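Trainee: So you can see what is in the structure, the chains are spelled out below.
2 protein chains.
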Amino acid sequence: MEIGRVEISTWLKSLQDSICSALEKADGLGRFEEENWTREEGGGGRTRIMKEGGVIEKGGVLFSAVEGEAPDFLFKEKQHSAADQQGEEKKPRFFATGVSIVIHPNNPFVPIIHMNIRYFEMDGGTRWLGGGIDLTPHYIIEEDAKFFHQSLKKVCDKHHADYYPKFKNWADDYFYIPHRKETRGIGGIFFDRLNTDASMNFEQNLNFWKEVGEAFASIYTELIARNKHQIFTEKNKQWQFLRRGRYVEFNLVYDKGTKFGLETNGRVESILMSLPKLASWEYDFKTEADSEEEKTLGLLKKGLTWV
Amino acid sequence: MEIGRVEISTWLKSLQDSICSALEKADGLGRFEEENWTREEGGGGRTRIMKEGGVIEKGGVLFSAVEGEAPDFLFKEKQHSAADQQGEEKKPRFFATGVSIVIHPNNPFVPIIHMNIRYFEMDGGTRWLGGGIDLTPHYIIEEDAKFFHQSLKKVCDKHHADYYPKFKNWADDYFYIPHRKETRGIGGIFFDRLNTDASMNFEQNLNFWKEVGEAFASIYTELIARNKHQIFTEKNKQWQFLRRGRYVEFNLVYDKGTKFGLETNGRVESILMSLPKLASWEYDFKTEADSEEEKTLGLLKKGLTWV
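So the sequence lines, in the order shown, correspond to chains A and B. Numbering follows my numbering, with no gaps: position 30 of the first sequence is 30. Numbering follows my numbering, with no gaps: position 210 of the second sequence is 210.
These aren't lab readings, by the way, just hints derived from the structure by calculation. This structure is a prediction, so every number in the text was calculated from the model and none was measured. Among the hints, a few may not be true.
As a list, the in silico SDA-like pairs of lysine to any residue whose alpha-carbon atoms are at most 25 angstroms apart [claimed, not checked]:
no. : chain 1 : residue 1 : chain 2 : residue 2
1   : A       : Lys277    : B       : Glu33
2   : B       : Lys256    : A       : Gly130
3   : B       : Lys256    : A       : Glu57
4   : B       : Lys277    : A       : Asp255
5   : A       : Lys181    : B       : Asp255
6   : A       : Lys286    : B       : Glu33
7   : A       : Lys256    : B       : Val253
8   : A       : Lys277    : B       : Arg39
9   : A       : Lys259    : B       : Ala289
10  : A       : Lys181    : B       : Glu293
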């Protein structure tokens with residue numbers, strides 16, 4: 001029997017469970033609180049939020065599975081794909097399910113992390129997978145950056161030699177803040193509409209996609225373990241708040257998921273759970289010469305090679 | 001001799017001077033620092049920022065006068081006006097000058113205020129005035145809200161009986177956050193493309209526009225004087241940070257000036273001076289029943305009558 005939306009959303013829920021357990025264990029103190037919600041147009045979600053944990057100041061691990069009439073945004077993009085021109089006026093229906101994670105830690109030496117994996121179906125048999133993991137360190141620690149990219153490369157290489165270089169560049173391009181001329185962080189991997197070329201069949205792509213999701217907990221708990229005991233100063237916190245300000249700028253100005261959610265009357269509290277507890281903006285802030293802050297700024301560029 | 005761009009930008013600079021003086025006096029401690037900048041495509045500005053004052057935590061009073069090839073955005077909107085269809089491919093040149101102000105105070109009982117007045121010219125003789133003043137109290141104090149609207153109404157009524165009701169509604173519509181179903185604050189007045197109907201001549205409209213600019217300092221210094229000594233708690237500060245979060249959401253997601261500036265490679269530090277020193281987001285924050293916070297939320301609606 002072919003794998004469909006039921007199996008995939010069931011698997012995503014179990015992934016949400018296992019990630020929440022792993023994060024609670026790594027945090028040591030915080031617990032996720034769960035909220036179930038439904039959507040008038042069809043479907044709903046299971047939002048899990050941790051506040052004021054030992055390591056995690058604010059974090060969300062969100063599952064959702066929604067369906068309805070495909071919004072123009074998706075429908076029009078679909079028309080661009082050569083595969084299935086139909087010329088009909090009637091809007092097709094869609095189904096989308098995924099897990100989204102954003103974690104903002106207390107300690108400025110523990111990085112912010114983001115993961116999203118999503119499965120999408122549209123009437124007529126079109127379906128694809130998308131997702132990725134990217135890291136936004138307040139301070140870029142080279143060993144950690146290498147470990148992070150190496151871990152992602154390992155998952156990619158197991159499935160297709162092109163995936164890591166292709167999806168790494170995609171993340172560099174996606175998580176970019178043009179008005180700041182900075183990347184949001186050190187990138188990672190980002191992919192969308194997987195299954196729309198013929199290089200691998202759906203099941204092969206699904207296996208890759210699942211392993212991305214499964215890699216998250218071990219990667220992030222390792223980064224927590226490495227840095228959670230680092231001593232930090234008031235200056236480090238101020239810098240963290242400024243970097244979070246950039247995170248807010250990216251998410252509110254450029255992030256497609258956020259824009260799409262806000263424009264289509266999505267569940268605001270779930271969409272904006274990505275925003276930090278505290279963020280700061282200072283007019284014309286300048287880093288000190290040869291400081292750690294300056295070093296980090298110098299590494300917020302596209303196209304750096306970490307492995 | 002007809003009044004043109006030179007007289008208007010000179011007047012705006014003197015307005016910037018007098019507003020900065022009045023704000024420094026009201027603040028008692030802080031001083032504005034000035035930065036002059038130029039723009040490759042033509043023109044520049046004089047940015048004045050106050051940080052960590054006695055009353056003002058972060059505030060900017062910005063003058064700019066820029067010119068260049070009109071961006072599509074403006075050109076296309078221009079084509080919609082009946083006045084001057086030209087059918088030419090060549091992009092017209094524009095000149096724009098204005099003063100923009102955003103003040104974020106320390107004390108949560110002192111409101112955030114925003115003012116902008118701008119003058120715009122395009123090749124071929126088209127020119128118009130725009131602007132407004134709006135108030136974003138963290139806590140809405142009815143007496144202050146009435147004073148604020150009454151002061152604006154007085155300026156409007158002196159020039160045209162329609163102006164206050166029309167521009168008050170315009171502000172309600174403009175300063176609205178659809179995804180929150182909240183207004184940003186209690187509005188004020190907002191107008192654009194003044195001089196494109198025949199009810200008053202340019203000089204009459206210019207006089208109205210100048211008086212809006214001149215009204216700012218006395219209105220805001222009065223609101224500072226009324227509230228700067230109010231005692232506040234940690235809970236009041238947290239609420240202030242959450243309200244500032246909404247301010248950030250409005251400015252980054254909806255504000256046309258911000259979007260336009262970021263998309264057209266404007267001076268980022270000047271555009272984003274509107275963002276507060278510290279802002280906060282909490283997942284699914286709920287106000288307590290019958291609290292001051294709940295009362296304020298209940299008043300963040302379009303169409304309330306304050307005078």
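Trainee: A separate judgement is required for each hint: does it hold in the structure or not?
Mentor: Each hint, compared with the structure:
no. : hint                   : verdict
1   : A:Lys277 with B:Glu33  : violated (30 angstroms)
2   : B:Lys256 with A:Gly130 : violated (32 angstroms)
3   : B:Lys256 with A:Glu57  : violated (33 angstroms)
4   : B:Lys277 with A:Asp255 : holds (23 angstroms)
5   : A:Lys181 with B:Asp255 : holds (21 angstroms)
6   : A:Lys286 with B:Glu33  : holds (15 angstroms)
7   : A:Lys256 with B:Val253 : holds (12 angstroms)
8   : A:Lys277 with B:Arg39  : violated (36 angstroms)
9   : A:Lys259 with B:Ala289 : violated (32 angstroms)
10  : A:Lys181 with B:Glu293 : violated (38 angstroms)
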